[in-house]
Amino acid sequence: MPKILKITGLEKTYTSGNRELTVLQNISFEVEKGQTFSIVGPSGSGKTTLLGLCAGLDNPNAGTVELCGQDLSRLNEDQRAQLRNKEVGFIFQNFQLLPTLTALENVSVPLELQGDKDATKKSMALLEKVGLADRYDHYPSQLSGGEQQRVALARAFANAPSILFADEPTGNLDEETGEKVIQLLFDLNTEAGTTLVIISHDLDLANRTQQILRLKGGQILTNQRTAVL
Amino acid sequence: MAWRDAKASRVRLLLFMASIILGIAAVVSIQLFSSNLKDNIKLQSKALMGADYIIDSRQLPTARAQAIIDSLQPDASEVNFVSMVAFPKNGGTKLVKVRALKGDFPFYGSIDTEPASAAANYQDSGGALVDATLLLQFNIKPGDSIKVGELTLSIAGALKAIPGSTAISTSVAPPVIIPNRFVDGTELLQFGSRKEYQYFYKASDSLNLSKFEQNIGPQLEAENSDLDTHTSTSAQLGSRYDNVGKFLNLAAFIALLLGCIGIASSVHIYIKEKLRAVAVLKCMGASRKQSFLIFLIQIAGIGLAGGLIGSLIGVALQTVFPYILEEFLPFAVEITISAQPILMGVFLGLFMSVLFALLPLLRTWYVSPLDVLRVDEQASQGPKKARIIVFAAILIFLFLFSFWLLKNAVYALGFVVATLITFAILAGISIGFMTLIKTYFPKRWGFTTRQSLLNLFRPNNQTVVLVVAIGLGTFLISTLYFTKDILLAKTEVEQSAENANMIILDVQTDQRAAVEQGLNARNLPVLDNIPLVTMRMHKIKAQLVNNIRQDSTSEIRGWILNHEFRTTYRDTLIDSEAIIAGEWVSELKTGKPVVISISDNLAEDAKVGVGDAIVFNVQGVLMETTIGSIRKVDWGQLQLNFSIVFPKGVLEQAPQFNVITTSVPDEAASAEIQRDLVAQFPNVSVLDLRQVYTILEDILDKIAWIINFMAFFSILTGIIVLIGSVRTSKYQRIKESVLLRTLGAKNTQILKISALEYVFLGLLGSLVGILLALLSSLGLALLVFKEPFVPSLIPFLVFLPGITLLVLAIGLSNIQTVLRSSPLEVLRREG
Numbered sequence: 001m002p003k004i005l006k007i008t009g010l011e012k013t014y015t016s017g018n019r020e021l022t023v024l025q026n027i028s029f030e031v032e033k034g035q036t037f038s039i040v041g042p043s044g045s046g047k048t049t050l051l052g053l054c055a056g057l058d059n060p061n062a063g064t065v066e067l068c069g070q071d072l073s074r075l076n077e078d079q080r081a082q083l084r085n086k087e088v089g090f091i092f093q094n095f096q097l098l099p100t101l102t103a104l105e106n107v108s109v110p111l112e113l114q115g116d117k118d119a120t121k122k123s124m125a126l127l128e129k130v131g132l133a134d135r136y137d138h139y140p141s142q143l144s145g146g147e148q149q150r151v152a153l154a155r156a157f158a159n160a161p162s163i164l165f166a167d168e169p170t171g172n173l174d175e176e177t178g179e180k181v182i183q184l185l186f187d188l189n190t191e192a193g194t195t196l197v198i199i200s201h202d203l204d205l206a207n208r209t210q211q212i213l214r215l216k217g218g219q220i221l222t223n224q225r226t227a228v229l
Numbered sequence: 001m002a003w004r005d006a007k008a009s010r011v012r013l014l015l016f017m018a019s020i021i022l023g024i025a026a027v028v029s030i031q032l033f034s035s036n037l038k039d040n041i042k043l044q045s046k047a048l049m050g051a052d053y054i055i056d057s058r059q060l061p062t063a064r065a066q067a068i069i070d071s072l073q074p075d076a077s078e079v080n081f082v083s084m085v086a087f088p089k090n091g092g093t094k095l096v097k098v099r100a101l102k103g104d105f106p107f108y109g110s111i112d113t114e115p116a117s118a119a120a121n122y123q124d125s126g127g128a129l130v131d132a133t134l135l136l137q138f139n140i141k142p143g144d145s146i147k148v149g150e151l152t153l154s155i156a157g158a159l160k161a162i163p164g165s166t167a168i169s170t171s172v173a174p175p176v177i178i179p180n181r182f183v184d185g186t187e188l189l190q191f192g193s194r195k196e197y198q199y200f201y202k203a204s205d206s207l208n209l210s211k212f213e214q215n216i217g218p219q220l221e222a223e224n225s226d227l228d229t230h231t232s233t234s235a236q237l238g239s240r241y242d243n244v245g246k247f248l249n250l251a252a253f254i255a256l257l258l259g260c261i262g263i264a265s266s267v268h269i270y271i272k273e274k275l276r277a278v279a280v281l282k283c284m285g286a287s288r289k290q291s292f293l294i295f296l297i298q299i300a301g302i303g304l305a306g307g308l309i310g311s312l313i314g315v316a317l318q319t320v321f322p323y324i325l326e327e328f329l330p331f332a333v334e335i336t337i338s339a340q341p342i343l344m345g346v347f348l349g350l351f352m353s354v355l356f357a358l359l360p361l362l363r364t365w366y367v368s369p370l371d372v373l374r375v376d377e378q379a380s381q382g383p384k385k386a387r388i389i390v391f392a393a394i395l396i397f398l399f400l401f402s403f404w405l406l407k408n409a410v411y412a413l414g415f416v417v418a419t420l421i422t423f424a425i426l427a428g429i430s431i432g433f434m435t436l437i438k439t440y441f442p443k444r445w446g447f448t449t450r451q452s453l454l455n456l457f458r459p460n461n462q463t464v465v466l467v468v469a470i471g472l473g474t475f476l477i478s479t480l481y482f483t484k485d486i487l488l489a490k491t492e493v494e495q496s497a498e499n500a501n502m503i504i505l506d507v508q509t510d511q512r513a514a515v516e517q518g519l520n521a522r523n524l525p526v527l528d529n530i531p532l533v534t535m536r537m538h539k540i541k542a543q544l545v546n547n548i549r550q551d552s553t554s555e556i557r558g559w560i561l562n563h564e565f566r567t568t569y570r571d572t573l574i575d576s577e578a579i580i581a582g583e584w585v586s587e588l589k590t591g592k593p594v595v596i597s598i599s600d601n602l603a604e605d606a607k608v609g610v611g612d613a614i615v616f617n618v619q620g621v622l623m624e625t626t627i628g629s630i631r632k633v634d635w636g637q638l639q640l641n642f643s644i645v646f647p648k649g650v651l652e653q654a655p656q657f658n659v660i661t662t663s664v665p666d667e668a669a670s671a672e673i674q675r676d677l678v679a680q681f682p683n684v685s686v687l688d689l690r691q692v693y694t695i696l697e698d699i700l701d702k703i704a705w706i707i708n709f710m711a712f713f714s715i716l717t718g719i720i721v722l723i724g725s726v727r728t729s730k731y732q733r734i735k736e737s738v739l740l741r742t743l744g745a746k747n748t749q750i751l752k753i754s755a756l757e758y759v760f761l762g763l764l765g766s767l768v769g770i771l772l773a774l775l776s777s778l779g780l781a782l783l784v785f786k787e788p789f790v791p792s793l794i795p796f797l798v799f800l801p802g803i804t805l806l807v808l809a810i811g812l813s814n815i816q817t818v819l820r821s822s823p824l825e826v827l828r829r830e831g
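Just so you know, the protein sequences line up as chains A and B, in that order.
Quick note: the first sequence uses UniProt numbering, first residue 1, plus one each step.
Quick note: the second sequence uses UniProt numbering, first residue 1, plus one each step.
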């Protein structure tokens with residue numbers, strides 16, 4: 001299978017005052033196109049940092065990240081942004097919707113940034129898919145947590161990404177709502193063939209993905225395939 | 001706890017502080033300067049006048065007046081009059097005020113000349129002291145000569161200063177001092193010349209001047225003379241500068257108010273962000289008072305420090321004022337520092353910041369520990385009653401402080417109401433504009449443009465405060481600009497042949513024909529030839545003017561009783577006047593009473609109306625008249641207006657002189673005709689209106705400079721409020737930008753969104769300010785100046801883009817930090 005994400009010898013350190021803190025050390029793994037992949041580990045194990053590096057939101061101190069066949073270290077800020085806009089979707093634990101925009105407008109943002117003329121139409125279709133067509137003109141503050149995450153989900157799929165990064169997508173949701181969101185995530189993966197990279201504490205959720213990478217203290221503990229096909 | 005919490009937010013708290021520093025600095029510096037000015041006027045009152053007291057008269061004193069003057073034994077005297085002088089060296093001519101001095105005036109202070117010895121020697125050497133600027137203008141030096149009337153004198157020195165005159169008062173007719181013994185030789189004191197006799201006295205220290213003034217003053221007044229003591233004159237001067245001080249104080253107060261609104265808005269957002277922390281504290285057992293005090297102490301600390309720093313800057317700033325006001329002050333101001341304004345500055349800083357921050361601070365009092373779980377926007381607003389009390393406290397304080405500044409309750413109330421209305425209009429327009437954008441949102445515009453418009457409504461936006469801050473600054477400078485335009489337009493001399501731009505005064509009856517011929521020979525039109533007859537009022541409504549003077553209950557204004565009226569006679573009305581009561585009578589009908597027309601202000605001041613009788617003393621001859629009509633006169637128009645107009649057929653044979661007006665095409669022609677007229681008729685004075693216009697423009701420029709200086713405080717405070725707001729919303733901006741970048745936005749797109757937002761803010765604020773200025777200037781033009789108003793384009797072409805660019809520059813000043821922020825770091829933070 002072709003690889004959509006290839007991480008080699010990744011290292012990330014932060015400087016806090018005089019102290020240097022190594023968050024990630026010698027990380028190497030690959031994610032296949034269309035695969036569902038999860039990264040699990042306790043708090044402070046470096047999961048979110050790893051996800052940020054994978055998506056080009058930050059630069060590593062050592063090692064390389066190859067996303068959709070492109071070495072991120074060779075791209076500048078704008079080129080990385082463009083790559084994300086075309087190929088990458090995001091879901092965050094805190095939803096991260098723009099508070100000034102309605103649900104529909106939030107979903108449209110990635111398309112609008114591309115200059116897509118049919119942005120509204122496509123976004124409306126996505127909102128329908130996540131069951132929020134009737135709430136299209138509501139602002140984030142007028143939506144519940146679950147609804148906000150579904151809007152974020154619709155936004156993540158708006159640009160038909162090749163790969164979707166989800167950081168604790170159910171972290172702020174109750175079990176039932178969380179399950180609905182996860183189901184939507186997997187459904188969209190199946191329909192569009194989007195690669196899913198999920199960060200989670202939840203082992204049950206991780207076990208539903210095809211491969212699990214366990215992190216501890218900034219290092220890979222295990223990287224195993226599961227029984228999920 | 002207050003300190004620990006403040007340390008974490010110190011940059012923002014420092015910015016809050018900066019908002020009030022300038023306002024405090026402005027108030028303190030003006031207060032200090034005003035008190036210095038008052039002290040200086042008191043201290044220098046004798047030097048300002050040059051004598052202990054002066055008796056002056058606009059005519060040769062009557063026998064009785066002369067007896068009083070002589071009995072008091074004047075130590076010096078002068079006669080002064082306005083006349084043309086010529087410089088034989090280069091043929092230059094100029095209208096000046098000739099002061100023919102006798103005796104050792106001044107007794108206090110000194111005449112400042114170059115060379116310095118000239119002041120002491122000119123009387124003996126028989127030279128003239130000529131205004132230093134005038135010498136510069138005509139390239140004349142001490143040693144050259146000056147022709148005053150028929151007399152040619154050597155110039156002994158350049159006159160730099162003399163007690164009692166300011167740079168402004170000497171602009172139109174600069175002073176020329178000559179020894180009194182030469183006055184007759186000038187042959188300038190002819191019939192109809194405007195002159196003033198002054199007698200200067202040095203009193204013994206034991207003389208009680210106010211008692212003396214009470215005794216002698218009325219006696220002199222009855223004889224059309226006037227007594228001025230150095231104490232009463234300096235009191236008048238003091239109150240005149242006091243008015244200027246009040247105006248400057250109000251301008252400073254507006255800057256302070258703007259700063260306080262900036263604080264209130266910033267604290268509102270600051271507290272909103274702290275509400276969860278307050279709820280956490282309350283969960284852990286902190287009482288309402290404890291959590292409230294944490295932030296109250298912070299704000300009080302900021303206010304105190306701001307007040308102190310502002311006061312110190314104010315102290316430094318007050319040393320600048322003497323230079324700014326140099327042209328308007330007749331003396332050098334010695335700067336001292338008094339404690340009261342500084343203490344007031346510190347108090348103002350503390351009190352106003354706490355007062356204005358109280359409203360948002362109240363939220364910490366009412367926040368529930370439950371808000372740890374969910375901060376409810378509405379619940380922690382505080383009850384209506386508490387908010388109303390705070391609002392009322394703010395209004396009462398504003399009123400009390402304005403009252404303290406103005407010492408007049410009605411004006412103070414007027415100022416507070418006007419300020420509130422201005423703020424309300426600015427805020428109202430910005431809210432209305434935003435609602436308009438929301439309602440008719442341009443959905444078809446590009447993403448970046450729409451996003452930047454939407455940012456104006458983002459939660460915690462400060463759009464209204466920013467529009468008020470930007471708008472107020474723009475409003476102040478634009479109003480100033482428009483008003484200056486109206487004033488200048490009103491006095492402008494149109495360069496057309498129909499409009500007179502040169503007035504020839506004091507033309508004697510026997511000179512009239514020759515002057516007219518001289519003009520005709522040069523192809524210059526005689527536009528007006530107005531006869532002038534001087535007279536005084538003798539009886540008003542059958543009451544002797546002398547008796548009215550004694551009557552303390554009379555409501556007739558004093559000037560009416562002593563004034564020498566310059567009247568004219570004609571059979572038609574002129575453009576600048578209109579009948580508002582009675583009927584215009586053009587010619588005397590045989591056997592009928594003499595029916596005159598008076599101006600509305602004269603009717604009001606003399607308490608007379610149509611049908612009332614006035615007896616005039618026309619140079620010794622009493623003339624009975626009846627008021628036939630009252631005219632509304634536009635005195636602002638630069639043409640010869642009269643408060644009393646006689647019909648034809650009455651005054652033709654009375655002693656009179658004429659005023660002739662003409663229109664000269666250019667300055668060279670003007671100089672030439674002036675030179676010829678002065679050579680031929682030394683007693684004739686020539687007023688070139690274009691020169692007057694230039695001087696007026698110059699004076700207005702200087703006044704504008706001072707007002708600009710004060711407006712500058714408001715504008716600078718507005719800029720600080722703007723910087724504070726940009727800083728307050730920085731984290732939110734970073735978060736939004738990072739999110740957009742995560743979703744694939746390029747740096748240019750993010751930059752464009754921010755830039756457009758600030759352009760909208762700048763445009764909206766400055767446009768509202770300019771439009772408001774346009775409205776108020778239109779009001780001023782129509783209601784006060786009664787002039788059609790043609791607005792200048794400068795505010796639209798210069799202020800609008802200039803201020804917008806400034807707002808844009810400040811807004812984008814921290815965009816680099818926004819663009820450089822690591823998306824991951826920001827997204828990881830909670831919320």
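Please note that a few of the clues may not be correct.
[As the list claims (entries may be wrong)] Some, not all, of what chain A presents toward chain B, calculated at C-beta under 7 Å:
#1 Asp58
#2 Asp78
#3 Gln96
[Stated by the list, open to error] Straight-line C-alpha distance at most 30 Å; calculated DSS-like pairs for lysine-lysine:
#4 Lys752(B) - Lys86(A)
#5 Lys86(A) - Lys246(B)
#6 Lys117(A) - Lys735(B)
[What the hints assert, rightly or not] Short derived list, chain A residues pointing at chain B, Cβ under 10 Å:
#7 Leu72
#8 Leu83
#9 Arg84
#10 Lys86
#11 Gly89
#12 Leu97
#13 Leu98
#14 Glu105
#15 Gln142
#16 Leu143
Hints were generated in silico from the structure; no laboratory data involved.
Here the structure is a predicted model, which is why all the values come from computation and not from measurement.
Backbone N, C-alpha and C define an ideal beta-carbon position, used for all residues, glycine too.
Verification of the hints:
1. Asp58: holds (4 Å)
2. Asp78: This hint holds: Asp78(A) lies near chain B, its Cβ roughly 5 Å from the closest one there, short of 7 Å.
3. Gln96: holds (5 Å)
4. Lys752(B) - Lys86(A): Holds: Lys752(B) and Lys86(A) sit about 21 Å apart, inside 30 Å.
5. Lys86(A) - Lys246(B): violated (65 Å)
6. Lys117(A) - Lys735(B): OK: Lys117(A) and Lys735(B) at ~27 Å, within 30 Å.
7. Leu72: violated (13 Å)
8. Leu83: holds (8 Å)
9. Arg84: holds (5 Å)
10. Lys86: Interface hint status for Lys86(A): holds (7 Å vs cutoff 10 Å).
11. Gly89: holds (9 Å)
12. Leu97: holds (8 Å)
13. Leu98: holds (6 Å)
14. Glu105: Since chain B brings a Cβ to about 8 Å from Glu105(A), closer than 10 Å, the hint holds.
15. Gln142: violated (12 Å)
16. Leu143: Violated. Min distance 14 Å.
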